[in-house]
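> Sequence:
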Amino acid sequence: DGIMNSFSILRSGGDHGDNVKKAIAALKDKQVQGKVRFNRLTCAEENQNWAGIFVRFSWFDTHGRLQHESEVVDGLDLDHTFTFHQICTHDFLQYLERGLMTIQ
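In our numbering, the protein residues as written are 258 to 361.
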């Protein structure tokens, strides 16, 4: 529980200087797991005549390339969950602190 609390402090960024340093120290070389969930496409009308939709996205392991993707679904409900298991190396912790996830 303590490690996951530190993980959420790290993700929040902001003015948490000492807390971020403590979170990084607590997570260094630890195994973590998490998930990113894509629920529903918004800003689109239900009656669009699409063959299907999917989401393509980057993550730490792809270095900005859109190599992960969901299944193609009918309608606007993606209901896709991306799970990850990662060791908190220096590079991964830096990604969590400053990186971004590209979504298409």
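Since the hints were derived computationally from the structure, they do not count as laboratory data.
There's no promise every hint is true.
Derived pair list, reagent style DMTMM-like, types lysine to aspartate or glutamate, alpha-carbon separation capped at 25 angstroms [unchecked claim]:
{"hint": "1", "residue 1": "Lys287", "residue 2": "Asp318"}
{"hint": "2", "residue 1": "Lys279", "residue 2": "Glu328"}
{"hint": "3", "residue 1": "Lys285", "residue 2": "Glu328"}
{"hint": "4", "residue 1": "Lys278", "residue 2": "Asp348"}
{"hint": "5", "residue 1": "Lys292", "residue 2": "Glu354"}
{"hint": "6", "residue 1": "Lys292", "residue 2": "Asp348"}
{"hint": "7", "residue 1": "Lys279", "residue 2": "Asp334"}
Given the structure is predicted, the values throughout are model-derived calculations rather than measurements.
> Look at each hint and say if it fits the structure.
Checked hints:
no., hint, result
1, Lys287 - Asp318, "holds, 17 angstroms"
2, Lys279 - Glu328, "violated, 38 angstroms"
3, Lys285 - Glu328, "violated, 34 angstroms"
4, Lys278 - Asp348, "holds, 15 angstroms"
5, Lys292 - Glu354, "holds, 17 angstroms"
6, Lys292 - Asp348, "holds, 19 angstroms"
7, Lys279 - Asp334, "violated, 39 angstroms"
Of the numbered hints stated above, those contradicted by the structure are hints 2, 3, 7, listed in ascending order.
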